[in-house]
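Visitor: Chains A and B, in that order, are what the protein sequence lines are. Using the UniProt record's numbering, the first residue of the first sequence is number 1, and each one after it goes up by one. Using the UniProt record's numbering, the first residue of the second sequence is number 1, and each one after it goes up by one.
Errors might be hidden in some of the hints.
To be verified - Think about it this way: if two alpha-carbon atoms lie no more than 25 Å apart in a straight line, the pair counts; the simulated DSS-like pairs of lysine-lysine are:
1. A:K471 to B:K56
2. B:K124 to B:K148
3. B:K12 to B:K34
4. B:K64 to A:K225
5. B:K56 to B:K34
6. B:K202 to B:K135
7. B:K236 to A:K397
8. B:K236 to B:K201
9. A:K468 to A:K94
10. A:K502 to B:K64
11. B:K56 to B:K43
To be verified - One side of the interface only, derived from the structure: several residues of chain A facing chain B at Cβ under 7 Å:
12. A133
13. G137
14. S140
15. T141
16. W184
17. L186
18. T228
19. T386
20. F430
21. V438
22. D459
23. T460
24. T461
25. V464
Because the hints were derived from the structure by calculation, they are not lab data. The C-beta atom is built at its ideal place from N, Cα and C for all residues, glycine as well.
Listed below are the residues making up each chain.
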Amino acid sequence: MATVIPPQSKKAKRLAQQEREVDLIPADLPNVLIKFQASDSGENLGNSIRVPGGITEAQLEQLLNQLLGESDEPVPYSFSLLKDNTKGDLVDIKDNLYNSVLKPEIKTTEDVLTLVYTPRAIFKVRPVTRSSASIAGHGSTILCTQFAPHTSSLMVTGAGDSTARIWDCDTSTPKHILQGHTNWVLCVQWCPNGEVIATGSMDNTIRLWDQKGKAIGDALRGHGKWITSLAWEPLHLVKPGNAPRLASASKDGSVKIWDTASRTVLMTLNGHLSSVSCVKWGGEGFIYSGSHDKTIRVWDARDGKCVNILKSHAHWVNHLSLSTDYALRRGAFDHTGVAPASPEEAQKKALALYEKVAKVNGKIEERLISASDDFTMYLWSPLKTTKPVLRMTGHQKLVNHVQFSPDGRYIVSASFDNSIKLWDGRTGTFISTFRGHVAAVYQTAWSSDCRLLVSCSKDTTLKVWDVKTRKLSVDLPGHQDEVYSVDWSNDGKRVASGGKDKHVRLWTH
Amino acid sequence: MPQNEYIEQHIKQHGRRLDHEERQRKRIAREGHKIAKDAQNLKGWRGKQFAQKRYKEKVAMKKKIRAHQESKVKGPSEPVENNDEALPTYLLDRQQTNTAKAISSSIKQKRLEKADKFSVPLPKVRGISEEEMFKVIKTGSKKSKAWKRMITKHTFVGEGFTRRPVKMERIIRPSALRQKKANVTHPELGVTVFLPILSVKKNPQSPMYTQMGVLTKGTIIEVNVSELGMVTAGGKVVWGKYAQITNEPDRDGCVNAVLLV
Numbered sequence: 001m002a003t004v005i006p007p008q009s010k011k012a013k014r015l016a017q018q019e020r021e022v023d024l025i026p027a028d029l030p031n032v033l034i035k036f037q038a039s040d041s042g043e044n045l046g047n048s049i050r051v052p053g054g055i056t057e058a059q060l061e062q063l064l065n066q067l068l069g070e071s072d073e074p075v076p077y078s079f080s081l082l083k084d085n086t087k088g089d090l091v092d093i094k095d096n097l098y099n100s101v102l103k104p105e106i107k108t109t110e111d112v113l114t115l116v117y118t119p120r121a122i123f124k125v126r127p128v129t130r131s132s133a134s135i136a137g138h139g140s141t142i143l144c145t146q147f148a149p150h151t152s153s154l155m156v157t158g159a160g161d162s163t164a165r166i167w168d169c170d171t172s173t174p175k176h177i178l179q180g181h182t183n184w185v186l187c188v189q190w191c192p193n194g195e196v197i198a199t200g201s202m203d204n205t206i207r208l209w210d211q212k213g214k215a216i217g218d219a220l221r222g223h224g225k226w227i228t229s230l231a232w233e234p235l236h237l238v239k240p241g242n243a244p245r246l247a248s249a250s251k252d253g254s255v256k257i258w259d260t261a262s263r264t265v266l267m268t269l270n271g272h273l274s275s276v277s278c279v280k281w282g283g284e285g286f287i288y289s290g291s292h293d294k295t296i297r298v299w300d301a302r303d304g305k306c307v308n309i310l311k312s313h314a315h316w317v318n319h320l321s322l323s324t325d326y327a328l329r330r331g332a333f334d335h336t337g338v339a340p341a342s343p344e345e346a347q348k349k350a351l352a353l354y355e356k357v358a359k360v361n362g363k364i365e366e367r368l369i370s371a372s373d374d375f376t377m378y379l380w381s382p383l384k385t386t387k388p389v390l391r392m393t394g395h396q397k398l399v400n401h402v403q404f405s406p407d408g409r410y411i412v413s414a415s416f417d418n419s420i421k422l423w424d425g426r427t428g429t430f431i432s433t434f435r436g437h438v439a440a441v442y443q444t445a446w447s448s449d450c451r452l453l454v455s456c457s458k459d460t461t462l463k464v465w466d467v468k469t470r471k472l473s474v475d476l477p478g479h480q481d482e483v484y485s486v487d488w489s490n491d492g493k494r495v496a497s498g499g500k501d502k503h504v505r506l507w508t509h
Numbered sequence: 001m002p003q004n005e006y007i008e009q010h011i012k013q014h015g016r017r018l019d020h021e022e023r024q025r026k027r028i029a030r031e032g033h034k035i036a037k038d039a040q041n042l043k044g045w046r047g048k049q050f051a052q053k054r055y056k057e058k059v060a061m062k063k064k065i066r067a068h069q070e071s072k073v074k075g076p077s078e079p080v081e082n083n084d085e086a087l088p089t090y091l092l093d094r095q096q097t098n099t100a101k102a103i104s105s106s107i108k109q110k111r112l113e114k115a116d117k118f119s120v121p122l123p124k125v126r127g128i129s130e131e132e133m134f135k136v137i138k139t140g141s142k143k144s145k146a147w148k149r150m151i152t153k154h155t156f157v158g159e160g161f162t163r164r165p166v167k168m169e170r171i172i173r174p175s176a177l178r179q180k181k182a183n184v185t186h187p188e189l190g191v192t193v194f195l196p197i198l199s200v201k202k203n204p205q206s207p208m209y210t211q212m213g214v215l216t217k218g219t220i221i222e223v224n225v226s227e228l229g230m231v232t233a234g235g236k237v238v239w240g241k242y243a244q245i246t247n248e249p250d251r252d253g254c255v256n257a258v259l260l261v
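Chain A with its partners taken away, still in its complex shape (with noise of 0.2 Å):
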């Protein structure tokens, strides 16, 4: 017997029945006349040139190679139409002119359009789609996960048993094993130069450690609690020759910078009624933290001054994010992890890719983004005010992480109760949500392409999801237990995550 197929909801029924939209450029558009705008110099390209209304974006792209003179290496652009030229407001232009611009009638056919462009990333990073190893090592509880910027075949994990690991993720075995701590290794953080590990525990220390799993030195001893957060000075404000300082968070309400070479403290930046929640060393040399008392406070790293408090927040600061963090976490390897020659290249080559994020409009613009206990977040432009640019409500409960995408034009953020949300980098509009988890999400990371972003949950799983269609991409199960961490590797070929069930798990294509 045949299987009957059930009948139509009565909900799909209507829906069938009613009027649909059909997306149709009209035969008698006139041409429009459009001006191109670089995005990062804010320079003009040429003068005004006459093209038809309806013109696609694959077109303009092709236009724009062609101007530019790239035509035989064409490199893809997203554009976005500049709405006011006093403001700066920006429409983004999604499959054509017409159904962006001139069919919602924010500009008729008569106005000139200046169409301002931003080349997205050449290469394009795959969605990770199946579990590629399941390593057990670890005692306990993994709490921290973080790749090498140069490679993705090397990524170290912080646990619970006291030890911090590095995995060889090309044969998915176990390499180096990090022994010293007395107790849960909380943080983990890579040098953007790819040579040293930092690893802060809950028995109060910092141990710096070799590519090779061998100790330099003692643990680093000064803070009277344990370690939250750890920082690397970005590479491009580090003297070719020397060693990039380190400044590290703790429970006890002080951030320290330490001498990476001499293993000494440098200097202690007090202030802090409560415990630091999180540190990130900006590209133009200050160090914000973010505490439970309420406060973030901007730190001059040459001479430890308290440069800033920003207040608005009404409860405990968890997480700050930087429009840079990326490209500061990647020092002078792009995606295809190429060492440079000498530290002097290093440090021109990690200072083009910072500014290559950080200049808009031609101007170094550094933002940073805040998330609290009490469920909103705030867009700071802490270089020009200490007031914020804006208030981001719309999470329900705690939100726990946040991130910069790695161009900077969006912002995540991960929130126990458990959505995602997608803003915009630049002004801090709402733009999205991401549904899908049925528990608390903890972290999530952004694909170097800023295509795709990965996020773990308390309901162990992780889930990809696409930001062009904002839509959930791929589930990825597996996970036996809550997933503490995640991270996805500079050149997108793998993602890596540790929590409750002791084992790491690397993600593929």
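Given chain A's structure and the hints, the job is docking chain B onto it.
Guide: Frame of chain A, contents of chain B only:
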């Protein structure tokens, strides 16, 4: 509000008596005297029970005092043997709500082993006759009618149940024998959690007893495991789970059950 919570209802409507706090304070103040008197005077079984309870209290108190003293001692820190679960920094200062979370991972392990789904821990039960289950209640002014029955076993009655009018009600489920929660044991871990009962799935004695929600040994009940934070392999929250009653509730006054995994 359920039908039989008349004391709570009265308190809500009229409040406590005016000297309630005063009486409470005095009772607490005299507690030491009462304990001393009981310790001297209680004899036999009750005396043993009292001594056992008192012993446990004193052990707990001494442990607490020692913990407080240890926290004040200064000195070099030794490597800590932390038995409890490690937590990432962002969860360190937060209160953890889930208690028996350890169960969850073990259940998934168990599922991997693909245990036989249809076997239950107690395959056979003793038959219960109707005479044992029901007590005949005589009604009518001359007590000549005998159509009313009262269940002599413990029962589960769903939330918001209201009794029928007296002359219609054929079967009475006494409110003193109603159970809302069960002590559910996880067979692998030996962890026992006090969980709310959702429904009675099958009473092996008779389908009629299933309908009436009678709790006897061997009955399959559904319990609410949401507070354990269990998640399926696909990442969905597990809400209800089946358990089998292992004791005779009318002998013990409580329901003990074992989770079917």
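Visitor: Let me make sure I understand: some of the numbered hints might not hold for this structure. Which ones are they, in numerical order?
Guide: 1, 2, 3, 10, 12, 13, 19, 20, 25
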